[in-house]
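S.K.: For reference, the chains in residue letters:
Number of protein chains: 2
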Amino acid sequence: MKQKRFILPESEIPTQWYNIQADMVNKPQPMLNPGTKEPIKAEDLYPLFAEECANQEVNQTDRWIDIPAEVREKYAYYRCTPLVRAYGLEEALGTPAHIYFKNESVNPLGSHKLNSAIPQAYYCKQQGVTNVTTETGAGQWGAALSYAAKLYGLDCAVYQVKISYEQKPYRRSIMQVFDALVTPSPSMSTRAGKDILTADPNHQGSLGTAISEAVELAMSTPNCKYLLGSVLNHVCLHQTVIGLEAEKQMAMAGEYPDIVIACFGGGSNFSGIAYPFLRHKLSGEKKNTRFIAAEPASCPKLTHGKFMYDFGDESGYTPLIPMFSLGHDFRPANIHAGGLRYHGAGAIVSQLLKDGLIEATDIRQLDSFAAGTLFAQAEGIIPAPESCHAIAAAINEANKCKETGEEKVILFNLSGHGLVDMTAYDQYISGTMANTGE
Amino acid sequence: MKQKRFILPESEIPTQWYNIQADMVNKPQPMLNPGTKEPIKAEDLYPLFAEECANQEVNQTDRWIDIPAEVREKYAYYRCTPLVRAYGLEEALGTPAHIYFKNESVNPLGSHKLNSAIPQAYYCKQQGVTNVTTETGAGQWGAALSYAAKLYGLDCAVYQVKISYEQKPYRRSIMQVFDALVTPSPSMSTRAGKDILTADPNHQGSLGTAISEAVELAMSTPNCKYLLGSVLNHVCLHQTVIGLEAEKQMAMAGEYPDIVIACFGGGSNFSGIAYPFLRHKLSGEKKNTRFIAAEPASCPKLTHGKFMYDFGDESGYTPLIPMFSLGHDFRPANIHAGGLRYHGAGAIVSQLLKDGLIEATDIRQLDSFAAGTLFAQAEGIIPAPESCHAIAAAINEANKCKETGEEKVILFNLSGHGLVDMTAYDQYISGTMANTGE
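Residue numbers (the numbering used here), protein chains in the order written: chain A, 1 to 438; chain B, 1 to 438.
Don't take each hint at face value.
Heads up, the list lumps identical chains together, so a pair's fine if it works in one copy or across two of them.
Unchecked claim - Here are the simulated lysine-lysine pairs, DSS-like style, with alpha carbons at most 30 angstroms apart:
1) 2 / 194
2) 400 / 248
3) 2 / 150
4) 306 / 2
5) 248 / 2
6) 354 / 125
7) 150 / 408
8) 2 / 125
9) 306 / 150
10) 41 / 2
11) 37 / 306
12) 37 / 287
13) 400 / 125
14) 400 / 150
It is worth saying that the hints were derived from the structure and are not from the lab. Remember, predicted model here, so these are calculated numbers, not experimental data.
Using the sequences and the hints, build the whole thing.
M.R.: The following block contains the structure:
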């Protein structure tokens, strides 16, 4: 029997995260204080983030960072996740390519986001924080953090992008099962929200607006920290458990990827699967591996944005981040892949793209759902709208192999399942979905 | 680090199903032809079921039945499933009991139902069938069969219990992603449905009514077979992969269960986890293991039904089955655990209950959701409303251990996740849920 899934025992859960900053020749530029334009130091971030996260954020020297034993213990609730050979998809495409996916959808909250929610909540708890707050788009990050907060006995408040709050009511319910307080953003509960709604009462929200509200709440609440689900260096760091496991599992399969693909919102799942493989490119050991970030055509910062210093949020509360950006006041269309509706890319990914070490491709919404539906029928897993973008990019590469006859090895990250995004599939099946971003 | 999950490699997927009928001293009584009252032979079932399934149904001699290689290959898409030590739940309860659960919720369609959908669809394909039809309650079975039918290129029509069709629209969408035709039952598309609606235009449906419609469609459509998701012997047979894996995994953990628990609708997930362990009780090797079927108080055939020959469906199309039953025209209350809203129990389980080899307990809806919410917060997995009943029963036993100080080993089957049942959790959280069946 051909092996379908490559499984690692609990003992193989990584003991360290991989910090790609240590290996980059051109380090990511520092974040800047928007007032003074001075580089941000870890201490400057302490009021907002857990101290350990702030330290990790600016760490450009330590290649490996220890994962606390208590975090590994919680990782064991769902890790290691399987690496899967997509025989069904290969057959459906008739491609000679070998397609693999890392299945992050098997974890309890249905996406990779838990990989960073657990350590962030843990570090907060360690330093005596009692309240945490965050933003969420589709709700994968909010669901993950709600659970992680519950694990460590923290009170959790989530600002959910209004359009997603309405499109995906089940994700709100999931957060509420874990006792999180969920508010659609922009809301009247913050000054940022009030300002945005005053300017545009019909504002549908974006990750940028929700971040503004969460940051304001964190800054105005005693003993409260803000936790971000993507973009920042320390979040991407935590996600490297994905690629570190995948590396071992690809070795079990006797292969090494020619192409590594992930969908792209702020960069967390792309970084997670890509960086551990990228380290072999940076070392010169594997020079030809390609890395493709698949972003929505309606929010194309990597393919159509500009490299600039920009705010991470709509209202300009955050430090200035060196990023490919569409501008912090960019209003993405209401696509279902709520997790990809973000104007900018993380600093590390932006530097890697500038340096030609990674590539990007943009995918239209209808193409993403066509790919996701084909994948579901072939592999039996209904993918998250975000993940559909990675699948579409993988299918594009597999189809090129069909033309050339090349037996390339393609690895993509299945960042989450789409079981609470079924209204989107309903629209796709019934032919009423807009091809936003065409 | 304490081991949390016990994982088996793909090579350990069982090669044979366990047929408990061969080991029972008192065999289950035969199904009867309702007209002649003669015992049903396999051939009598050929018009309705795949021939191999009909043969398995009446097989009382072969202890082990080979799993076709093609079925094992598809099982490998999600099996082996993990056995998990519920440390989080133990801690939340403060119990000395060791609680384990077999996590059938990790499979792509979110429940154990795929274990029988795959072989049933496979056997149909093998004998040249082109169309399959079935009933579904909450939609777990319908979703599993829709996917299995797609795997083998079969057209699939599903009658979904109307109240579930309305309560759980996402499950309908899931079936439609796999191109199934989904009809709420009772419908006007069959004579059975018309008769039922004529008598009661507001009939909310039940598994009994949906079975009548599906059977009628199968009997009146060329080259079409009817596939059932529970109750029947061959369905329970296929589910024994759950317990066979769990047996090995409990050995990895160095333990053997004192108590085995599953929720109970028609019997498929209970049979799946229980029979492989029951064989050691039947052999005299493990005399004291207890087996508990957890059914809803609103549909209590095991605890309050009578052993009788009864129809499997509302309209009386099926053979007479020897079962604990509430009567085939029993109308269960509209609880959210749609998969448990069935009037009768399978023939094997009914015989085992008669013989005192297993026990049953009934759980009220609010108690089931209290248990499910506690479990979610402790283990990070939102359980299906059906599975909440098993969890409630496990918690009851664990609480007894807390009183007595006994370190009992409790194993329950987590038959599915509740991610598409969030409206039910909404009701529970907001305090608007009815304690139906009190």
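S.K.: Look at each hint and say if it fits the structure.
M.R.: Hints versus structure:
no., hint, verdict
1, 2 / 194, "neither (58 angstroms within a copy, 49 angstroms between copies)"
2, 400 / 248, "within (27 angstroms within a copy, 44 angstroms between copies)"
3, 2 / 150, "between (41 angstroms within a copy, 21 angstroms between copies)"
4, 306 / 2, "neither (46 angstroms within a copy, 49 angstroms between copies)"
5, 248 / 2, "both (18 angstroms within a copy, 23 angstroms between copies)"
6, 354 / 125, "neither (37 angstroms within a copy, 53 angstroms between copies)"
7, 150 / 408, "between (43 angstroms within a copy, 28 angstroms between copies)"
8, 2 / 125, "between (45 angstroms within a copy, 22 angstroms between copies)"
9, 306 / 150, "neither (39 angstroms within a copy, 45 angstroms between copies)"
10, 41 / 2, "neither (51 angstroms within a copy, 38 angstroms between copies)"
11, 37 / 306, "within (20 angstroms within a copy, 80 angstroms between copies)"
12, 37 / 287, "neither (37 angstroms within a copy, 76 angstroms between copies)"
13, 400 / 125, "neither (49 angstroms within a copy, 33 angstroms between copies)"
14, 400 / 150, "between (46 angstroms within a copy, 26 angstroms between copies)"
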